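Chemist: Protein chains in written order, with this note's numbering: chain V, 2 to 306; chain X, 2 to 306.
Treat each hint with caution, since some may be false.
One copy or any two copies: either way a pair holds, since identical chains are not told apart in the list.
[Stated by the list, open to error] Here are the simulated lysine-lysine pairs, DSS-like style, with alpha carbons at most 27 Å apart: (1) Lys-207 / Lys-184; (2) Lys-164 / Lys-207; (3) Lys-20 / Lys-190; (4) Lys-20 / Lys-184; (5) Lys-207 / Lys-190; (6) Lys-164 / Lys-121; (7) Lys-158 / Lys-66; (8) Lys-81 / Lys-158; (9) Lys-190 / Lys-201; (10) Lys-167 / Lys-207; (11) Lys-67 / Lys-158; (12) Lys-121 / Lys-201; (13) Lys-201 / Lys-184.
Derived from the structure by calculation, the hints contain no laboratory data. Being a predicted model, the structure only gives us computed values, none of them experimental.
2 protein chains.
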Amino acid sequence: MSAQHEVLVVGSIGLDSIKTPFGEVFEVLGGSAIYFSLAASFFTSVRLVGVIGEDFPKQHVELLKKHGIDLSGLQVLPGKTFRWKGNYGYDLNEAITLDTELNVLANFAPQVPDIYRDVKHVFLANIDPDLQLAVLDQVRNPELVVCDTMNFWIHGKRDSLIKVLKRVDIAIMNDAEARELCKEPNLVKAGRTILSWGPKRVIIKKGEHGALMFTNGSFFSAPAYPLEEIFDPTGAGDTFAGGFVGYLASCGQINDTHMRRAVIYGATMASFVVEDFSVQRTSALNQQEIRDRYQEFQGIVHFGE
Amino acid sequence: MSAQHEVLVVGSIGLDSIKTPFGEVFEVLGGSAIYFSLAASFFTSVRLVGVIGEDFPKQHVELLKKHGIDLSGLQVLPGKTFRWKGNYGYDLNEAITLDTELNVLANFAPQVPDIYRDVKHVFLANIDPDLQLAVLDQVRNPELVVCDTMNFWIHGKRDSLIKVLKRVDIAIMNDAEARELCKEPNLVKAGRTILSWGPKRVIIKKGEHGALMFTNGSFFSAPAYPLEEIFDPTGAGDTFAGGFVGYLASCGQINDTHMRRAVIYGATMASFVVEDFSVQRTSALNQQEIRDRYQEFQGIVHFGE
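Whole structure, please, built from the sequences with the hints as guidance.
Modeler: Put into structure tokens, the structure is as follows:
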């Protein structure tokens, strides 16, 4: 894999305690940068920028290394790793946060190692938009910058978030976030509003209803994979982004068709991650399973001429 | 058009008074059988079974005749036509019913004229499921029976509704109705449950999120057309059914690909009807507009190999 195809990701790394209608786990591997990296690693080389505490279990570091994820940008700070505790009810649409311990994440100042600064593809995972901007100031000449966000930053750091949107090529968010950010119930209008702020593309994720991708000239609607059980939705959005950006990074020249296929690869990876807790399902995947499910998406939308 | 391709529809005919964020109308042409018939008339010959009062405006009868809709099964009873009054808020997802006057619909006993009884395609539009069953008892050997329903009958006549489902080939309903009927939040599971009651196919309409079609062996996801303004959602479901059944009736032999295309024709027709009040948009359509929008759906979902 040449440097041309690498992806730099900055985001959170954490230990999650999660309860869903199907089970409960304590302090499992989580965080936006983790879900992204493992999904992207099936398509390209990933360089991770993030922070952990001294208590971060060694087996998680080994898992990341096993997937070829470059950890030169991983800071280990004195103190404890970021922790999140949440529950899901039966509709599984929204997590109820029971507890958040920022720990070392509270003092995180992302440092992009010099060897990463010429990377061509950058993903700014869900994290404080001021940190996302700090990362953009450290990379030299990226060809593709993609960002994600969440409602917490829409409420608390709207101005910084808009600054991030001005500097990215593609913005990804979910439907509730798009509606809230734009104060607009119609997602088509919300998509156009976000485009007017700077990004060339906007992807709006709709969970069980799939995803929409907007540009000024085209519109793409991707289905969701028909899952009868969503075991744990944690990390679905970051995993979607991992498949999406990972596939694009592997393409070289990127056109609209690549973008559409990338959305389907994102949906493919997200459909796996929700089948089990943490990264258990994605970390155990193989290329054939990914390819097979991608092709199932063809069958789901095809209707001939 | 040969008798082989005709569609028989039974449903409501009414005068609707509607207020949306975009405007307000008083006693305009409405009802499930009307929306269905006008949409289906672009694909096939429609034979309508329904009831009106003596006050039903002549120009509406003329409009139906102009679209070749056969009115031999239209009863005119002493009294007033069915009336419905409703409002929509800014999210336009659900109508708030302000007033319902059943009038002549209260005593409606559908009579299928003898010349209709050999019709090959039957659509049971949203109406009391006992009346839907009465119609099925009067047709001789239909090849395709499709039904719609609504939450009112799920609450009030669940047993009759399940009897209808046992006797139809395809059941159409919206997402909230499917969830409620099956007491199941997951639409994939709800679809399987409905299939287990008898129909060979189930279509679940999801408004702005498109539609899903289930059989025991295949799954199809259709996008919604990206509308920035939904002027008035009234009749969208019946118009969807009109495009769907109308196209199927025009096909002769029906396979899975025809079914998928029919869903897209349904979505196409529904995307037009919501652009204006009543049937103003659909009654003024031409074949080229329908074909062009159908082809836009291709562009919305296409992502290559």
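Chemist: Next, verify each hint and record whether it holds.
Modeler: Outcome of the hint check:
no.: 1; hint: Lys-207 / Lys-184; verdict: both (17 Å within a copy, 22 Å between copies)
no.: 2; hint: Lys-164 / Lys-207; verdict: within (24 Å within a copy, 35 Å between copies)
no.: 3; hint: Lys-20 / Lys-190; verdict: between (36 Å within a copy, 22 Å between copies)
no.: 4; hint: Lys-20 / Lys-184; verdict: between (32 Å within a copy, 23 Å between copies)
no.: 5; hint: Lys-207 / Lys-190; verdict: both (15 Å within a copy, 19 Å between copies)
no.: 6; hint: Lys-164 / Lys-121; verdict: within (21 Å within a copy, 61 Å between copies)
no.: 7; hint: Lys-158 / Lys-66; verdict: neither (34 Å within a copy, 60 Å between copies)
no.: 8; hint: Lys-81 / Lys-158; verdict: within (25 Å within a copy, 59 Å between copies)
no.: 9; hint: Lys-190 / Lys-201; verdict: within (15 Å within a copy, 37 Å between copies)
no.: 10; hint: Lys-167 / Lys-207; verdict: within (23 Å within a copy, 33 Å between copies)
no.: 11; hint: Lys-67 / Lys-158; verdict: neither (36 Å within a copy, 59 Å between copies)
no.: 12; hint: Lys-121 / Lys-201; verdict: within (17 Å within a copy, 51 Å between copies)
no.: 13; hint: Lys-201 / Lys-184; verdict: within (20 Å within a copy, 42 Å between copies)
Violated hints, in rising order: 7, 11; the structure is consistent with all others.
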